[in-house]
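J.: Quick note, the sequences are listed as chains A and B, same order.
Take the first sequence: its position 240, counting from 1, is numbered 243 in our numbering, and each next residue is one higher.
Take the second sequence: its position 336, counting from 1, is numbered 352 in our numbering, and each next residue is one higher.
Treat each hint with caution, since some may be false.
[What the hints assert, rightly or not] Distance ranges between label pairs, derived from CB positions:
1. A:303 with B:96: 56 to 62 Å
2. A:9 with B:96: 44 to 50 Å
3. A:282 with B:109: 50 to 56 Å
4. B:155 with A:134: 56 to 62 Å
5. B:128 with A:361: 47 to 53 Å
6. B:417 with A:192: 42 to 48 Å
7. A:152 with B:155: 44 to 50 Å
8. B:388 with A:9: 45 to 51 Å
9. B:120 with A:331: 49 to 55 Å
[What the hints assert, rightly or not] Here are the simulated BS3-like cross-link-like pairs (lysine-lysine), alpha carbons at most 25 Å apart as the crow flies:
10. A:225 with B:292
11. A:227 with B:134
12. B:399 with A:243
13. A:225 with B:258
14. A:227 with A:44
15. B:241 with A:225
16. A:227 with B:241
17. B:107 with A:243
18. A:138 with B:286
19. B:258 with B:241
20. B:134 with B:107
21. A:138 with A:225
22. B:241 with A:243
Quick caveat, the hints were computed from the structure, so don't treat them as lab data.
Here a beta-carbon is modelled for each residue, glycine too, at the ideal position from N, C-alpha and C.
Read off the chains here:
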Amino acid sequence: MDTMPKWADIVLIPLIGLILAFLLSGLMVLASGQDPWEAIKIMVEGAVGSSYGWGYTLYYATNFIFTGLAVAIAFHAAMFNIGGEGQAMVGGLGVAIACLFIPWPHWTLALIGAMIMGGLFGAVWAAIPAWLQAKRGSHIVITTIMFNFIAAGLLNYMLVDVLKPVGAMEPATAKFPEATHLPSLNDVFLIFGLDLFKRSPVNVSLFVALAACVGLWALIWKMKLGYQIRAFGHSEPAAKYAGISPTRMIMISMIISGALAGLMAINNVMGEAERLVLNSVEGAGFIGIAVALMGRSHPLGVLIAALLFGFLYQGGAELGLWTSIPREMVTVIQALVILFTGALDNMIRMPLERFFLARAIRARAASTPAE
Amino acid sequence: MTDAPAIELKGISKSFGPVQANKDISIRVMPGTIHGIIGENGAGKSTLMSILYGFYKADKGDVFIRGNKTEIPDSQAAIAAGIGMVFQHFKLVENFSVLENVVLGAEDGALLGPSLRKARKELTQLAAEYELNVDPDALIEEIGVGMQQRVEILKALYRQADILILDEPTGVLTPAEADHLFRILEGLKAQGKTIILITHKLREIMEVTDTVSVMRRGEMTATVKTSETSPEELAELMVGRKVLLRVDKKPATPGDPVVEIDNLQVVDEKGVERVKGISLNVRAGEILGIAGVAGNGQSEILEVLGGIRSATGSVRIKGQEIDLTGAHSDGRSRRERGIAHVPEDRQREGLIMDFKAWENVAFGYHHEDNYQSGLLMDNAAIKRDTEGKIERFDVRPANGMLEAKSFSGGNQQKIVLAREIERNPELLLVGQPTRGVDIGAIEFIHQRIVELRDAGKAILLVSVELDEILSLSDRIAVIFDGQIMGERLPSETDEKELGLMMAGITDTAQDHSIEEIEANLAEAHGEVH
């Protein structure tokens, strides 16, 4: 029964979750002997108070848009892709290979090449669990988690034994050549004479991420493929009845999902680090799950949720820098937000539904005269 | 016997959120009678009985048992008050024996032995008294549904029930089993038990009840003596307007065969043979009805023809062989061959319940050129199409933007039918066209199917409702245990004969005992599982 207005589902529930998470975080900060009000001020100031802060917030958000979209498209096919982390790692490997071994004449071509390689590597990494699910019935949640570990192992091997330049002490590739360096947003705005986002890592990948949002929206809601994916996600027997192959839908949705997660590497590997290091993904694959949940698997929702988590990441980093609030506390705050907006969705939904139901009944009673 | 009613409900009201399931309902059921409660799906019958059995608490109103006001907060209290309930879906432990199921929840002490011995004695007594024959040591999973139902009745009697409520008891029974059940009920009545029979089948009401109450949209519209009413009057009371109970159709003028099925065999995922070499054909301008107890292979035939399931054998559509392996065919290729399919379970297969009505109108046909515009789907075209279909098929509410789940069963079925029939298929597969559909919509749906037949199309109908098979079909094939037991013309057969054939008995002229019928059914049933 639809008793709750749509706006309450999309806006009110995440908002209440967020407020509860912040209240609880405030109490924890208070308990650690700090001033929560001060902490919020530092977070806001650090994340969105300057164009430098914004630069970092947007940089993180770019990562989360990619991984959030990846989880979202899989959700539409009723697949829970927990492997965004591994797919982004392997995508990074693809990007690194593209950047290191092909002599690109210009960054635009390098970007296209890196997108293809990153997407392809990520897609392959998701396609294996997808195939196992479609053909062998191995549960996608289990296999994608496993593939995160395999990806970490693979990356370790590649960086330590294969891609590490001779004589280097660190498990990382060499610096990518100059021609593959992506323009930062600062470079872009300088063309218009604006000196914004100075020294921050946000780069043109952000535009790719935004384009991906639009593209995925069209795919899900406007294209035949999205229609089929959604139909399959809602009911497998119905999909079979309509002549939609479950195997095809699982494979396609997971390949798109993996490709999107892999694409993240153009931001963190190519755009920021300009070389591939271990642990370059830094949990963004997992944050993507929270982003997709909070964004209700809708590209616009994912965009907004990604910005929020970008803010939390950057604000949290600043908090660690300028106060004696322990670093772990920042992680706790991020976890609380994930907990309240993602996992505890129903806890907030139930009382709200009851509230709206009661309101609807009262409205009905008022409109029908007493007998 | 006193003159106090066995059960009296006074002013019972119950709402779930904004839905008023029961509105100021009062009935009196006299002891030693069979009282029918009839109404469409969602009329509030089950809610009312759940209140009586302590599953729900009424918002308002009182319950009187044998003249005493009684509170029934839970089913324990209902049992204590002498009320027994036989649910539509049996509540039995499959891997327990009959005896263990009867005792379950009514054990006398920590040791099981004495209770079981006592129950065994009592069961023998009850069996002799009421024709309630069961094998106390058989496992539930090994006996047929008819016997399972008797175990449910025995459970209630063992708990000293003298008011018995049966919720849609014949839904899973063949006509012979139903008749047997009614004989049992008559026997119980003769012993002074009070019986409440909930059903949507008019025939049963007329056959066994003494009085009948009609419910419509949560209200009790009438309570009458069965001998003083007629099926037509009851139907009118249920729906609120005059309804045609018989399908109004001209004799068929069949043409060439549209589908020819030859030696079709289906083995399911568990390796069980569900269809064992069936040959059938359906001609243009003809409705072939397949009658059978659910689970005897009829669903599989529809699924094979609809491209959902693979099979061996041969199927020709208008003389052309189609692929049965599933390697080169699916639901889509079948549609391109001119086969439309109204599946048995519309909520699981025929519709995506969370999709809007207009999205469902394209379902299965979403590849069609007129639904595309370049890379995107032409949603505007689909919505226009939906508006027309909603109007022509009288879907209510007439709003294509609503999700499928917000329509009633009948209107959901109209959406599916509109989608499939308006493709003007050569062959229409229809499974359970009116399951969970209100009487008013049944009439409409039957008319549309007959219209398609009159337009010279072939129709393959599968239904567990014998009434529907008899009134709609031009030819009837009876399926039992994956095999066709024979074909009959509706004018030359009746429910009794079909019912026996559905139990695997072909020499229908002779009399057959209920034991033989049940043994047959249980055997087929056992193999199916």
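J.: Run every hint past the structure and note whether it holds.
T.: Hints, verified against the model:
1. Checked against the given bound of 56 to 62 Å, the beta carbons of residue 303 of chain A and residue 96 of chain B, roughly 58 Å apart, stay inside it.
2. Range check, residue 9 of chain A to residue 96 of chain B: Cβ separation about 48 Å, and the 44 to 50 Å hint holds.
3. Evaluation of the 50 to 56 Å hint for residue 282 of chain A and residue 109 of chain B yields a pass: the beta carbon distance comes to about 54 Å.
4. Between residue 155 of chain B and residue 134 of chain A the C-beta distance comes to about 41 Å, which lies outside the given range of 56 to 62 Å.
5. Taking the beta carbon of each, residue 128 of chain B and residue 361 of chain A are about 48 Å apart, inside 47 to 53 Å as hinted.
6. At roughly 43 Å, the beta carbons of residue 417 of chain B and residue 192 of chain A sit within the given window of 42 to 48 Å.
7. A hinted range of 44 to 50 Å holds for the C-beta pair residue 152 of chain A and residue 155 of chain B, which are about 46 Å apart.
8. A C-beta distance of roughly 29 Å is found between residue 388 of chain B and residue 9 of chain A, which places it outside the suggested range of 45 to 51 Å.
9. The hinted window of 49 to 55 Å between residue 120 of chain B and residue 331 of chain A holds, with their beta carbons roughly 54 Å apart.
10. A distance of roughly 45 Å separates the Cα atoms of residue 225 of chain A and residue 292 of chain B; the hinted pair therefore is violated under the 25 Å criterion.
11. Distance check on the hinted pair: residue 227 of chain A and residue 134 of chain B sit about 66 Å apart at the alpha-carbon level, beyond 25 Å; violated.
12. Proximity of residue 399 of chain B to residue 243 of chain A is assessed by CA-CA distance (about 24 Å); at most 25 Å being required, the pair is judged to hold.
13. Between residue 225 of chain A and residue 258 of chain B the alpha-carbon distance is near 45 Å, which puts this suggested pair outside the 25 Å criterion.
14. For the suggested pair residue 227 of chain A and residue 44 of chain A, the alpha carbons sit about 47 Å apart, so the restraint of at most 25 Å is broken.
15. A distance of roughly 59 Å separates the Cα atoms of residue 241 of chain B and residue 225 of chain A; the hinted pair therefore is violated under the 25 Å criterion.
16. Straight-line distance between C-alpha atoms of residue 227 of chain A and residue 241 of chain B comes to about 58 Å, which puts the hinted pair past the 25 Å bound.
17. Between residue 107 of chain B and residue 243 of chain A the alpha-carbon distance is near 32 Å, which puts this suggested pair outside the 25 Å criterion.
18. Between the alpha carbons of residue 138 of chain A and residue 286 of chain B the distance comes to roughly 17 Å, so the proposed pair stays at or under 25 Å and holds.
19. In summary, the hint linking residue 258 of chain B to residue 241 of chain B is supported, as the alpha carbons are separated by about 20 Å, within the 25 Å threshold.
20. For the given pair, residue 134 of chain B sits about 22 Å from residue 107 of chain B by alpha-carbon distance, which is consistent with the 25 Å threshold.
21. Between residue 138 of chain A and residue 225 of chain A the alpha-carbon distance is near 29 Å, which puts this suggested pair outside the 25 Å criterion.
22. Restraint check for residue 241 of chain B and residue 243 of chain A: the C-alpha separation of about 49 Å exceeds 25 Å, so the hint is violated.
The structure does not agree with the numbered hints 4, 8, 10, 11, 13, 14, 15, 16, 17, 21, 22 stated previously, though it agrees with the rest.
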